[in-house]
Amino acid sequence: MGMVRDLVTGWPKAFVPFFAWIGELRNPATLKADIIAGITVALVLVPQSMAYASLAGLPAYIGLYASFIPVIIAAVLGSSRQLATGPVAVVSLMTAAALTPLVDHMDVGSDEYLMVYMALAAALAICVGVFQLFLGLFRLGVIVDFLSHPVVVGFTNGAAIIIATSQLNKIFGVERPHAEHSYQQVWAVIMNAIQDTHFLTLLMGLVAIVIMVLIRKFAPKVPSVLTAVVITTLASYLLGYQARGGQVVGEIPVGLPAMSLPTVDVTLIGDLLMPAILISLIGFMEAISIAKAMAAQTRQRLDANQELVGQGVSNITAGLFGAYPVSGSFSRSAVNISAGAVTGFSSLVTGAVVAVTLLFLTPLLYHLPQATLAAVIMMAVANLVKIEPIKHAMKVEPHDGWVAIITFGMTLVLAPHVEFAIMVGVALSLGLYIFRSMRPNFTTLSRHPDGTWRDAKRYNLPTSDQIALVRFDGSLYFADAGYFETKILRAVAEKLELKFLIIDAEGINQIDATGEAMLSQLSDSLRNSGVEMLIARMKHTSFEPLERTGLVERIGREHFFSRIQYALEYAWNELGPDFDRQACPLYTSDPYMDREHVVPRQQA
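Numbering (our numbering), first residue to last: 301 to 904.
Where hints are given, some of them may not hold.
[As the list claims (entries may be wrong)] Calculated cross-link-like contacts (lysine to any residue; reagent style SDA-like; alpha-carbon spacing at most 25 Å):
hint, residue 1, residue 2
1, LYS787, PRO740
2, LYS839, TYR777
3, LYS521, ALA639
4, LYS695, THR743
5, LYS592, VAL430
6, LYS517, ILE336
7, LYS795, ASN741
8, LYS839, SER775
9, LYS695, VAL724
Calculated directly from the structure, the hints in this document are not laboratory data.
All chains should be modelled from the sequences, with the hints used to inform the complete structure.
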């Protein structure tokens, strides 16, 4: 009975993390901290979400829809207690990039265009959510590992520049002509700005930027975005900004969004699948990155697959309530945890504040200048431009640095089709990994004066003419088996008196069918040449496949050793009593100098 009771009471916590922290709200201090944090995040989210919706090519109020129920769902079903979900810059850019080509044949700005575009955005959110939910339920969160750090860094830097420059027309108050690529649009905007800048719009945008910069520098606890929005909205109203040619948010529907399935042309669903997959992965990477950082800080357990479930259902909800794809936000999550959030209840408070805004406060946003929203976006993405990670990747591995640089360049050149830049980056990462794995480190070892094994060539150490000791640091598989065989045969050819070849196999983690066949052939070739192949320190993961195929018996079980020292003693014994082992460069007075802390498989 006790087991059944534990199962019944425990299952909700496993599938709905909400039940794990709801009881903590009985503590007044926790409840107060979450309420304060939730309101603080909402003060940032309301103006920021409207700005990001504009970036996605949607009416500003759609950002509020995306900041209501999806925020609450992500908190209830996700495993991170402080992750703040909602509209984010990169996902907004990718949404615009995915949808714009599907409606470019329509009259931009018409009611039909807007209706189709909004329906497609909602359908895209559902596709993103279904894919994330699928990954989460089937424990496939590991798939995001295909997006390497250099690819993400390069893409994020490029996307940040594209996002910032995409707002120039709103800052200068000029038209943004349609063009195939973003850089062409930016150049056209600059040319238009030189001739037709609307100076009141430019002033409004600059004022918003100055306000945010000054507040962040001198009064960081004051909500800079909200302050800029309030001041410029009042200025817009008092100066008659709209009547003077300025662009404002305009009328926002009062009330909460209704639930409905988006009505879209079925033939367009296929065009949404690839962007949905990429948005799913990029969005989740952003969410899980900040979630991991916060989990390390709070020492809370984080389940990546459960987070995928939370983000997936959140996106499905976003689509059903007429919004667009959402994700975890770096900036708002940082605000949430720094404001003292303890549980996911803070996100419920954030959603409630957004609901109050939709019900009662939207008329106050009518005069909000579009230039202010553009300034909010530009300030938000400024922190995404980071050159240091690219420089660091170049120091660690030049190939990775170049992957980041190429992904960055491709993002700038191919935008708005940024999905191709990501695919190029992923292909480069995988290709370079395979290329590097095809040529693992192959070293001839000898005794160093300190008794340890070292690279004979690097340390200019003498080697034995009768016994060669080599090390291979990589799995033996189809891509590098030929390389391994070539290096072995070359090492054998350099020593005409060679009788024994000892392979230090500690660095070989796995062996596939090609590697096994190569070892079999190599053993026969060496034996025919009068050279015995001895294998030392082979791991169980590599030894067991050879045992299953019978290769261990064909090579000779007595030729496998758990220590290099045992292999040496076998070779010395076979060379006979006339062989002076103490004169051998591989000899040491301490027979256990090569300690590797494994259970000996056999001792010669």
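Quick rundown of the hints versus the structure:
{"no.": "1", "hint": "LYS787 with PRO740", "verdict": "holds (11 Å)"}
{"no.": "2", "hint": "LYS839 with TYR777", "verdict": "holds (15 Å)"}
{"no.": "3", "hint": "LYS521 with ALA639", "verdict": "holds (10 Å)"}
{"no.": "4", "hint": "LYS695 with THR743", "verdict": "holds (24 Å)"}
{"no.": "5", "hint": "LYS592 with VAL430", "verdict": "holds (23 Å)"}
{"no.": "6", "hint": "LYS517 with ILE336", "verdict": "holds (23 Å)"}
{"no.": "7", "hint": "LYS795 with ASN741", "verdict": "holds (21 Å)"}
{"no.": "8", "hint": "LYS839 with SER775", "verdict": "holds (11 Å)"}
{"no.": "9", "hint": "LYS695 with VAL724", "verdict": "holds (22 Å)"}
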